[in-house]
Amino acid sequence: MDLFEYQGKQYFARFGIPVSAGGAARTVDEAVKVADASQYPVVVKAQVQVGGRGKAGGIKLANNADEVRLHAGNILGMDIKGHVVKCLWVEHASDIDEEYYASFTLDRAAKKHLLMLSAQGGVDIEEVAERDPGAIVKLHVNPVEGLSEATAKKAAADAKIPSKAVDGVAKILVSLYECFTKGDCDLAEINPLILKPTGEVHALDAKVSLDDNAAYRHPEWDEYRATEELDEREQLARESDLQYIGLSGTVGIIANGAGLAMSTLDVVNQVGGSAANFLDIGGGANADQMAAALGVINFDKNVKSIFINIFGGITRGEEVAKGIVEALSRVDLRAPIVIRLDGTNAVEGREILAKAGIPTSKLESRPTMLEAARAAVAIANGK
Amino acid sequence: MAIFVDENTKVIVQGLTGGQGKFHGLRNRAYGTKVVGGVTPGKGGQDVEGVPVFDSVAAAVSATGADASFIAVPPKAASVAILEAAAAGVGFIVCITEGIPAQDEAKTFNTLVRDYPGVRLLGPNCPGIISPGKCNIGITAGEIAELPSAKGPNVGIVSRSGTLTYQALYELKQQGIGVSTCVGIGGDPVPGTSFVDCLAEFQEDPETHAIIMIGEIGGSAEEEAADFIKANVTKPMSAYIAGVTAPAGKKMGHAGAIVSGGKGTAQGKMDALRAAGVRVGLNPTEAGSLMAEIVKGLK
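From first to last, the protein sequence lines are chains A and B. Using this note's numbering, read the first sequence as starting at 241 and increasing by one per residue. Using this note's numbering, read the second sequence as starting at 25 and increasing by one per residue.
Source of the hints: derived by calculation from the structure; they are not laboratory data. Where hints are given, some of them may not hold.
[Stated by the list, open to error] In silico BS3-like cross-links for lysine-lysine, where the CA-CA straight-line distance does not exceed 27 Å:
(1) A:K295 x A:K394
(2) B:K58 x A:K352
(3) B:K287 x A:K447
[Said to hold, decoys possible] Example chain A residues on the side facing chain B (calculated, C-beta under 7 Å, incomplete):
(4) R266
(5) T267
(6) Q483
(7) M502
(8) V507
(9) V511
(10) G583
(11) T584
All values reported here derive from a predicted model rather than from experimental measurement. Glycine included, C-beta positions come from ideal geometry on N, C-alpha and C.
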């Protein structure tokens with residue numbers, strides 16, 4: 241789960257990382273109230289999870305309440321690359337001497353944590369990596385050992401961060417590492433990390449991505465989940481506990497297993513179609529799960545055909561078939577189904593489907609993944 | 025021969041009294057695997073359909089001589105279970121648990137590297153390993169795996185995805201091609217056993233004559249495998265990579281299956297494998313047919 245900037249800053253603050261005084265606002269009046277409390281001048285920032293907010297006019301400086309009113313009014317409701325601004329972050333505008341970059345991620349190849357640190361912050365770090373790769377210090381941290389302040393200081397010095405800022409940066413690195421590990425982040429990034437004329441170092445932006453697998457030990461994440469940007473289909477799928485990702489095509493997909501579901505998307509694409517979604521129904525594929533999955537797919541008005549791709553391993557084919565027949569009696573589908581049922585007891589399963597008396601205009605069965613994909617795509621493309 | 029496990033492997037099931045552990049543990053035993061015990065703290069002295077249960081892995085190992093463990097416990101308990109097995113001297117640990125936080129996984133893996141360097145962890149979030157006719161640890165349905173033939177050629181399978189592993193086993197069975205060992209390394213960000221580990225073993229295994237590899241988007245494990253293949257693998261290979269059409273920035277079901285910052289794409293992985301001399305299929309069936317062609321050429 242990706243956090244908005246304001247949530248990331250609130251999360252940082254839990255771990256003692258200094259951020260600017262400010263607050264979130266969902267209306268113009270709220271924005272003025274926060275600004276009055278934060279000391280002028282303030283910055284009014286659109287809260288969207290997409291880059292390039294500044295260029296789109298989503299970040300403005302305001303010297304007084306009237307200016308806050310003007311900018312907040314303009315930015316709220318603004319569409320930035322398809323993301324509508326529903327929330328603002330208003331904070332005291334910082335004086336900036338220098339801008340740095342710092343982040344922690346997991347380096348999957350090395351199986352260790354990775355610190356990236358650069359004295360060239362405030363711009364896209366990929367750009368820096370391309371233009372001047374030597375300007376980024378990459379340091380692996382062994383998760384068993386953690387990050388000491390001494391190591392953080394050395395990294396800061398190696399990154400050519402001026403000596404007056406090294407202590408402040410190192411302290412923040414240690415806190416950021418704590419946020420990354422104890423806070424169960426996939427990514428914890430500060431860009432820019434600023435040095436103020438007063439000599440203080442602090443986080444001017446926050447990019448935080450949380451590891452959903454750790455949600456069970458973070459009850460405080462519930463409020464973030466409530467503001468997550470999901471489309472209606474994804475919301476419905478979440479309520480049914482389905483692994484669903486909404487896409488823009490016309491073939492609805494249901495498969496058992498994440499790998500097979502991904503593969504199903506690929507095969508549909510290969511034969512000239514496009515998937516409306518990714519949906520992993522999991523191992524069981526019983527009637528309840530199948531009915532819930534079909535319900536979510538049926539909600540998607542773009543769906544012209546539904547491709548159910550099931551490979552029975554431990555799940556036996558006849559159980560899956562019974563689940564589908566039962567589910568069809570509960571959900572009235574707008575689009576026809578093409579099913580490929582293979583693996584353990586597939587023959588028995590296909591027989592159950594054949595004998596269920598479902599007209600072929602509503603359900604047809606194909607023996608292989610490729611043939612089923614072709615049939616589903618033909619229907620979706622109106623052939 | 026087979027890799028990692030064989031007909032002599034003695035397995036204990038950590039979590040044998042739980043739903044998953046009981047179901048799969050007993051299925052593994054029914055397949056012929058030597059399931060010699062189970063571990064559930066506080067339930068020592070009981071038995072699950074004749075399999076004795078112990079309070080700790082250490083007690084189970086000393087009573088049964090087990091050398092492998094099958095871990096089927098919830099995410100909260102998985103890291104402790106893995107380290108307990110390693111501390112008790114178990115050399116091969118299979119963990120099927122899905123949903124372990126990445127921070128725990130990274131810490132557990134590096135603890136194994138530091139304190140128990142000889143221990144091999146397979147998974148987490150993996151379907152397990154099957155050496156057809158000899159040993160099955162995990163959730164694979166044994167009946168879909170073709171037995172290896174004495175004179176060969178036999179194929180080794182290594183995969184990041186569960187259902188696609190079954191699909192590969194099934195494709196080979198349809199063609200009557202024997203399988204030496206099938207390893208599911210799992211779809212999480214920090215797998216204990218990598219493609220490279222398995223490829224190295226398959227290359228050395230006299231019973232394996234060709235290898236199928238099934239990867240997916242995210243990370244760089246397939247690219248590392250390609251480098252290794254180029255330098256070290258002489259056995260012919262086919263491969264399939266899932267997720268060509270996956271949108272960037274979304275986790276596709278598996279915690280590790282995500283394209284981020286233009287890295288970890290299916291296309292990049294396929295290109296790397298092709299450059300290493302691997303025949304790459306555009307869907308699982310095609311990878312299976314390519315393997316059938318390879319095997320025909322070996323006979």
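Verification of the supplied hints:
1. Restraint check for A:K295 and A:K394: not satisfied, since their Cα atoms lie roughly 35 Å apart, outside the 27 Å limit.
2. For the suggested pair B:K58 and A:K352, the alpha carbons sit about 35 Å apart, so the restraint of at most 27 Å is broken.
3. Restraint check: the Cα-Cα separation between B:K287 and A:K447 comes to about 19 Å, which is no more than 27 Å; the hinted pair holds.
4. Hint status for A:R266: violated, given a least beta-carbon distance of 26 Å to chain B, over 7 Å.
5. At a threshold of 7 Å, the smallest CB-CB gap from A:T267 to chain B is about 30 Å, leaving the interface hint violated.
6. Proximity of A:Q483 to chain B holds as hinted, the smallest CB-CB distance being about 5 Å (cut-off 7 Å).
7. Checking A:M502 against chain B by beta carbon gives a least distance of about 4 Å; that is within 7 Å, so the hint holds.
8. With a least beta-carbon distance of about 5 Å to chain B, the hint placing A:V507 at the interface is held under the 7 Å criterion.
9. Given the 7 Å rule on beta carbons, the hint for A:V511 is violated: about 10 Å separates it from the nearest Cβ of chain B.
10. A least Cβ separation of about 6 Å between A:G583 and chain B falls short of the 7 Å threshold, and the interface hint therefore holds.
11. Hint status for A:T584: holds, given a least beta-carbon distance of 6 Å to chain B, under 7 Å.
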